[in-house]
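There are 2 protein chains.
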Amino acid sequence: MDMKKEIAYKASDMDRIIYRYLPKEEGYQATVFQAMNYSLLAGGKRIRPILMMETYKLFGESSKAIEPFVAAIEMIHTYSLVHDDLPAMDNDTLRRGRPTTHAKFGEAMGILAGDALLNYAFETALTALSVEPDNPAVVQALQLLAKKAGVYGMIGGQVADVEAEKQYGISKNRLDFIYRLKTGALIEAAMMIGALLGGAGGAEVEQIGQVAEKIGLAFQIQDDVLDVVGDEEVLGKTIGSDARNQKATYVVFEGLEKARQDVASLTGEAVGILRDLPYENVFLTELLRWMVRREK
Amino acid sequence: MDMKKEIAYKASDMDRIIYRYLPKEEGYQATVFQAMNYSLLAGGKRIRPILMMETYKLFGESSKAIEPFVAAIEMIHTYSLVHDDLPAMDNDTLRRGRPTTHAKFGEAMGILAGDALLNYAFETALTALSVEPDNPAVVQALQLLAKKAGVYGMIGGQVADVEAEKQYGISKNRLDFIYRLKTGALIEAAMMIGALLGGAGGAEVEQIGQVAEKIGLAFQIQDDVLDVVGDEEVLGKTIGSDARNQKATYVVFEGLEKARQDVASLTGEAVGILRDLPYENVFLTELLRWMVRREK
Numbered sequence: 024m025d026m027k028k029e030i031a032y033k034a035s036d037m038d039r040i041i042y043r044y045l046p047k048e049e050g051y052q053a054t055v056f057q058a059m060n061y062s063l064l065a066g067g068k069r070i071r072p073i074l075m076m077e078t079y080k081l082f083g084e085s086s087k088a089i090e091p092f093v094a095a096i097e098m099i100h101t102y103s104l105v106h107d108d109l110p111a112m113d114n115d116t117l118r119r120g121r122p123t124t125h126a127k128f129g130e131a132m133g134i135l136a137g138d139a140l141l142n143y144a145f146e147t148a149l150t151a152l153s154v155e156p157d158n159p160a161v162v163q164a165l166q167l168l169a170k171k172a173g174v175y176g177m178i179g180g181q182v183a184d185v186e187a188e189k190q191y192g193i194s195k196n197r198l199d200f201i202y203r204l205k206t207g208a209l210i211e212a213a214m215m216i217g218a219l220l221g222g223a224g225g226a227e228v229e230q231i232g233q234v235a236e237k238i239g240l241a242f243q244i245q246d247d248v249l250d251v252v253g254d255e256e257v258l259g260k261t262i263g264s265d266a267r268n269q270k271a272t273y274v275v276f277e278g279l280e281k282a283r284q285d286v287a288s289l290t291g292e293a294v295g296i297l298r299d300l301p302y303e304n305v306f307l308t309e310l311l312r313w314m315v316r317r318e319k
Numbered sequence: 024m025d026m027k028k029e030i031a032y033k034a035s036d037m038d039r040i041i042y043r044y045l046p047k048e049e050g051y052q053a054t055v056f057q058a059m060n061y062s063l064l065a066g067g068k069r070i071r072p073i074l075m076m077e078t079y080k081l082f083g084e085s086s087k088a089i090e091p092f093v094a095a096i097e098m099i100h101t102y103s104l105v106h107d108d109l110p111a112m113d114n115d116t117l118r119r120g121r122p123t124t125h126a127k128f129g130e131a132m133g134i135l136a137g138d139a140l141l142n143y144a145f146e147t148a149l150t151a152l153s154v155e156p157d158n159p160a161v162v163q164a165l166q167l168l169a170k171k172a173g174v175y176g177m178i179g180g181q182v183a184d185v186e187a188e189k190q191y192g193i194s195k196n197r198l199d200f201i202y203r204l205k206t207g208a209l210i211e212a213a214m215m216i217g218a219l220l221g222g223a224g225g226a227e228v229e230q231i232g233q234v235a236e237k238i239g240l241a242f243q244i245q246d247d248v249l250d251v252v253g254d255e256e257v258l259g260k261t262i263g264s265d266a267r268n269q270k271a272t273y274v275v276f277e278g279l280e281k282a283r284q285d286v287a288s289l290t291g292e293a294v295g296i297l298r299d300l301p302y303e304n305v306f307l308t309e310l311l312r313w314m315v316r317r318e319k
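Going down the list, the protein sequences come from chains H and C. The opening residue of the first sequence carries number 24 in the numbering used here; numbering runs sequentially from there. The opening residue of the second sequence carries number 24 in the numbering used here; numbering runs sequentially from there.
Don't take every hint at face value.
Repeated chains share a single entry, so a pair holds when one copy, or any two copies, can fit it.
The list that follows gives simulated cross-link-like pairs (lysine-lysine, DSSO-like), each with its CA atoms no further than 30 Å apart [claimed, not checked]:
| # | residue 1 | residue 2 |
| --- | --- | --- |
| 1 | Lys270 | Lys87 |
| 2 | Lys281 | Lys87 |
| 3 | Lys47 | Lys195 |
| 4 | Lys127 | Lys195 |
| 5 | Lys189 | Lys47 |
| 6 | Lys87 | Lys33 |
| 7 | Lys27 | Lys281 |
| 8 | Lys47 | Lys270 |
| 9 | Lys80 | Lys33 |
| 10 | Lys127 | Lys47 |
| 11 | Lys270 | Lys281 |
| 12 | Lys281 | Lys127 |
| 13 | Lys281 | Lys47 |
| 14 | Lys270 | Lys28 |
| 15 | Lys270 | Lys33 |
| 16 | Lys68 | Lys170 |
| 17 | Lys170 | Lys28 |
I should point out that these hints are in silico values taken from the structure, not numbers from a laboratory.
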């Protein structure tokens with residue numbers, strides 16, 4: 024399976040869904056629509072929508088209301104990037120080779136476009152209740168989306184991360200908390216919503232949550248590994264530099280070798296749980312493996 | 024009726040509801056909980072929650088799921104203030120005599136606390152679906168909340184307002200758009216959700232929407248009037264100074280006298296529509312009148 028090609032193909036499917044939910048760029052508030060669409064169409068790999076859709080297929084595509092959730096999860100991921108890039112946060116002016124949203128539209132519009140995307144994500148997801156008003160899985164999916172995106176999910180992880188930067192050293196427990204929530208929570212939301220709307224039972228949804236948690240963690244640790252390896256290869260920077268910069272990472276705590284082993288074992292566990300289910304989606308299994316062996 | 028006392032009494036009822044939905048200040052993300060609660064408990068008058076609850080009472084308190092919406096609308100109003108106060112927006116460091124959220128917790132936490140409040144508003148409102156899963160009015164209320172808070176509501180008005188500041192002169196049409204959405208949209212959401220969950224029929228919900236739109240507009244124009252009158256009395260600033268500062272307001276377009284007349288006639292129309300309904304809530308009528316004769 025040529026994963027790069029397959030993923031690009033699936034991503035264009037996801038793009039077609041997302042396009043349908045984009046606001047029209049008209050009216051006195053046209054600038055915010057331009058800024059929303061600019062950031063949504065910045066060339067993301069659509070990993071979360073694909074994970075949602077493939078998990079939905081795994082369980083049999085029971086609900087008709089998957090598409091608003093596919094669009095909504097990408098809007099939430101996108102707003103988090105727009106706000107992360109702001110001067111008071113990471114202060115990034117480039118993303119994927121293009122100016123970031125606030126660099127292009129100004130800082131006020133960066134804040135408002137992020138707010139708009141978050142709000143529009145819920146506006147979009149809530150249309151699922153008009154498609155299927157009597158499906159309890161839709162209600163559960165909406166509540167899960169809100170929880171995993173919020174203070175007990177992604178935002179909680181971001182806050183703990185911002186706080187950590189102000190401290191000299193952070194505990195391994197806090198690092199685990201950040202890793203589990205900052206990236207992991209939206210990956211859990213994507214796969215668990217896919218499972219719920221696919222028709223999974225409660226225990227199966229929990230199992231998928233386990234798969235997502237392990238893959239999310241492996242994905243994040245792999246990011247640290249690539250940082251270190253990339254720095255060494257490209258910049259000749261030594262492994263210890265993250266530690267000297269007081270940036271606590273999994274690699275700093277556990278060392279490069281243990282970090283690599285943990286990526287492999289977490290991935291193995293995730294794939295194992297997926298394989299124990301009485302359904303099969305070969306692409307999804309391959310996607311999980313691909314996510315943690317990707318390059319930067 | 025001693026309105027100031029009555030409103031303070033009702034506001035403390037609303038506070039009791041809001042308190043129940045506040046997050047506990049614990050965990051690695053404790054700072055964001057502190058920032059959320061700090062801004063939520065900054066002494067607002069709780070006008071939107073009171074409008075929602077009183078409209079709900081007017082129509083007979085049909086649904087059991089009003090309280091999550093009462094808390095949610097105040098969270099949305101509060102997040103909009105937190106983000107409005109940011110350095111890239113209005114750059115205010117004081118609100119009601121206390122440091123604004125970003126002034127107290129730092130700019131990054133100001134952004135994240137605003138995001139967190141917006142997300143938590145939906146997380147809170149969505150619990151209504153667990154209280155009453157089979158009530159179509161709850162679904163309509165959720166969709167209305169998202170729409171009125173978003174790009175076709177409050178955020179849309181804010182964007183048009185931010186854009187207007189960059190231009191030399193703005194059209195009366197754009198000013199009307201800003202006035203209708205920036206303050207009006209959340210007042211509409213409050214009263215229409217109160218009507219929906221109170222048990223109002225479709226036509227009645229629309230009538231309440233009209234009441235809210237007129238009062239929201241009158242409220243905003245009165246704000247301009249008070250700015251001018253306040254400036255004249257306190258600072259000896261002349262009426263024309265807003266125009267020289269290129270700040271387009273209703274008063275600049277229409278003149279002080281016409282603005283005052285319009286406040287009175289819009290309020291009269293709003294109260295008239297309310298009185299034509301076959302139900303009565305004397306306090307609500309008085310509240311609408313009070314909103315537009317308030318002092319700064």
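| message | Within, between, both or neither: how does the pair Lys87, Lys33 come out at a Cα-Cα threshold of 30 Å? | response | Within one copy only: 19 Å inside, 43 Å across.
| message | Checking an output row: Lys27 and Lys281, CA cutoff 30 Å. Within, between, both or neither? | response | within (28 Å within a copy, 65 Å between copies)
| query | Are the CA atoms of Lys270 and Lys87 at most 30 Å apart within a copy, between copies, both, or neither? | reply | Cα proximity of Lys270 and Lys87: none, with 45 Å in one copy and 49 Å across.
| message | My question is about Lys189 and Lys47: at a cut-off of 30 Å on alpha-carbon distance, are they close within one copy, between copies, both, or neither? | response | Classified as between: cross-chain Cα gap 23 Å, same-chain 41 Å, threshold 30 Å.
| From the Cα coordinates, with 30 Å as the cut-off, is the pair Lys80 and Lys33 best called within, between, both, or neither? | For Lys80 and Lys33, the Cα distance is within 30 Å only inside one copy (13 Å; across copies 51 Å).
| field | Copy assignment of Lys270 with Lys28, given that the CA separation must stay at most 30 Å | value | Neither way: Lys270 and Lys28 sit 35 Å apart in one copy and 54 Å across, limit 30 Å.
| request: Could you figure out if Lys170 and Lys28 sit no more than 30 Å apart (CA to CA) within one copy, between two copies, both or neither? | output: Classified as neither: same-chain Cα gap 33 Å, cross-chain 38 Å, threshold 30 Å.
| field | Within, between, both or neither: Lys270, Lys33 at alpha-carbon 30 Å | value | Neither way: Lys270 and Lys33 sit 36 Å apart in one copy and 49 Å across, limit 30 Å.
| Status of Lys87 relative to Lys281 across identical chains (alpha carbons, at most 30 Å) | neither (44 Å within a copy, 53 Å between copies)
| field | Identical-chain pair category, Lys68 with Lys170, by Cα at 30 Å | value | Both, since 24 Å and 28 Å are each at most 30 Å.
| task | Since the copies are identical, ignore which copy is meant and state whether Lys127 and Lys47 lie within 30 Å (CA to CA) inside a copy, between copies, both or neither. | result | Intra 19 Å, inter 38 Å, cutoff 30 Å: intra-copy only.
| field | Lys281 and Lys47: within-copy, between-copy, both or neither at 30 Å Cα | value | neither (49 Å within a copy, 36 Å between copies)
Comparing the model with each earlier hint shows violations of hints 1, 2, 12, 13, 14, 15, 17; every other hint is respected.
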